[in-house]
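Colleague: Each chain, letter by letter, is given below.
Number of protein chains: 2
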Amino acid sequence: MNKSIFYHAGCPVCVSAEQEIIGLIGENNVEIVHLGDQSGRIAEAENAGVQSVPALVTPTGNVLHINFGASIADVKG
Amino acid sequence: MNKSIFYHAGCPVCVSAEQEIIGLIGENNVEIVHLGDQSGRIAEAENAGVQSVPALVTPTGNVLHINFGASIADVKG
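Chains A and B, in that order, give the protein sequences. If you're matching positions, the first sequence starts at 1 in my numbering and goes up one per residue. If you're matching positions, the second sequence starts at 1 in my numbering and goes up one per residue.
These are computed hints drawn from the structure, not numbers from a lab. Ideal Cβ placement from N, Cα and C applies to all residues, glycine included. There is no bait here: all hints are sound.
Facing chain B, according to a computed beta carbon distance under 7 Å, are these residues of chain A, among others:
#1 A17
#2 E20
#3 L24
#4 I25
#5 T58
#6 N62
#7 L64
#8 H65
#9 I66
#10 N67
Pulled out of the complex, with its shape left as it was, chain A reads as follows:
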């Protein structure tokens, strides 16, 4: 399996998510990129479809944006 790439920017949510991702899929299966420190890779992230951080680009090329989105209240309605 190719590696996933986890893009983040050092925020507390990012660091927490990073630890979870590493725990779930193994640190050998994911490359961690800090876009604050490695701004030269922002274009690469954008080209991969990253719209927010933290985000995980999977080996299949899909992007999982990890964040708070719509309220679960919407599911109840």
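Following the hints, position chain B against chain A.
Modeller: Relative to the frame of chain A, chain B by itself:
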């Protein structure tokens, strides 16, 4: 390792994320819960800290909300 739980509500983003999560951590390591079909489990999800779907509750009890969040433009600034 205990199983993770992936909560979703059948939206296209949810289904795509589900396939990625299964591919990354293995279908034997994650329980899939469709809150639209299993509304009796919404309270369980809320108690776990789920605020939006799709979300992955990890074996350590943390919640990864998978969605579009803040713009990557903020990282550039």
